[in-house]
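**Student:** Assemble the complex: chain A is given as a structure, and chain C must be docked to it using the hints.
There are 2 protein chains.
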Amino acid sequence: MYNDYPSRLLEQAVEALNSLPGIGRRTALRLALHMLRQPEDSVRRFSESIRSFREGVKHCKVCHNISDTDTCDICADSHRDQTTLCVVQNVQDVMAIENTRQYHGLYHVLGGIISPMDGIGPADLTIDQLVQRVAEGGVKEVIMALSSTTDGETTRFFISRKLEPYGITLSAIASGISVGEELEYTDEVTLGRSILNRVKLN
Amino acid sequence: MYNDYPSRLLEQAVEALNSLPGIGRRTALRLALHMLRQPEDSVRRFSESIRSFREGVKHCKVCHNISDTDTCDICADSHRDQTTLCVVQNVQDVMAIENTRQYHGLYHVLGGIISPMDGIGPADLTIDQLVQRVAEGGVKEVIMALSSTTDGETTRFFISRKLEPYGITLSAIASGISVGEELEYTDEVTLGRSILNRVKLN
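The listed protein sequences derive, respectively, from chains A and C. Counting in my numbering, the final residue of the first sequence is number 202, and the numbers go up one at a time with none missing. Counting in my numbering, the final residue of the second sequence is number 202, and the numbers go up one at a time with none missing.
Simulated from the structure, these hints should not be mistaken for laboratory data. We put the CB at the ideal spot given by N, CA and C, even for glycine.
Residues from chain A shown here face chain C by an in silico Cβ test under 10 Å; the list is partial:
1) V14
2) S49
3) S67
Cβ pair distances, simulated, as ranges:
4) C:K140 - A:N18: 37 to 43 Å
5) A:G121 - C:I177: 51 to 57 Å
6) C:G176 - A:R193: 55 to 61 Å
7) A:G121 - C:S52: 36 to 42 Å
For reference, chain A alone in the conformation it holds in the complex:
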């Protein structure tokens, strides 16, 4: 549907929006027409903020997180525990962990996860750079905060093997029942894991 656009400019804007993941042509058209109802200035600012983000944003040369500067704010913060690295898949995961306010060490952003199905191997990630960071010394613990999926486990296993020679503590975030979750509705694999990984109370 919507084959004939009344305007080439509209068609190009719709095609641009439609190229974004999860945005179909109908939604793209709705978004474009929404923009037409906004002040020209605000759409110009929209367009400009996308362009300057894409052109200006960097990856931190230490942890590979997204940053406006060569070294990100977290890596540059001398109050943070420099001896602990938390390995995560992507930026969203850094943000999610930061939001917990429970972690005060540094990060290492892999930029993805080993996924043979998607053709993503260790060389596509920043694993070599992680090994390099550990090899340089000063790191006492590496916490792997990866998704509890097959790909996550594979990646965790691969990284563990790579880091083993350095004699540091390797850990992984706990898996178990969610806080506030009813036991009755917890899936059995998670429940089983939560029993195996039980925490001593005394």
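**Tutor:** Only chain C this time, still in chain A's reference frame:
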């Protein structure tokens, strides 16, 4: 969630995307990070196509549809029936009707629908311009192709009253069961309407 962005540029891009209707912060973040994985050139083209659309697109001075030129392609097409106007709410409706390939007259785009709940009155729409077009002569029929909602009916009624003095044919698109629809699952109001508006076969 996601309160602390690791980059101001990222935050601005997320805020821009988040300002679009139906795009929450999480989706906006996902879209921004998707753009980061695209070539800089393609994101620049994306940004540019949005800006040039907003700055360059016009409304046809005859039918008020979106257009790249002062008069849109439909109004400028002398092969189309100049005596019939189809009144629609917006651009999408023009595109939907064009896609049926069943209509060969001209359009009149209201730019909305009378909606007291949303504070949209006749003066916010192009109703005066429609009356003007009819008053200038040459129009024999006005087909109202408005949604079958209370607001649609109100608008239809209002326009009919305004156009009555000109002695032209006024019509509205038929309402009834959808093609391919099972009678059993048709709502009773639609079904009732389809009986009242039955079509003679002989």
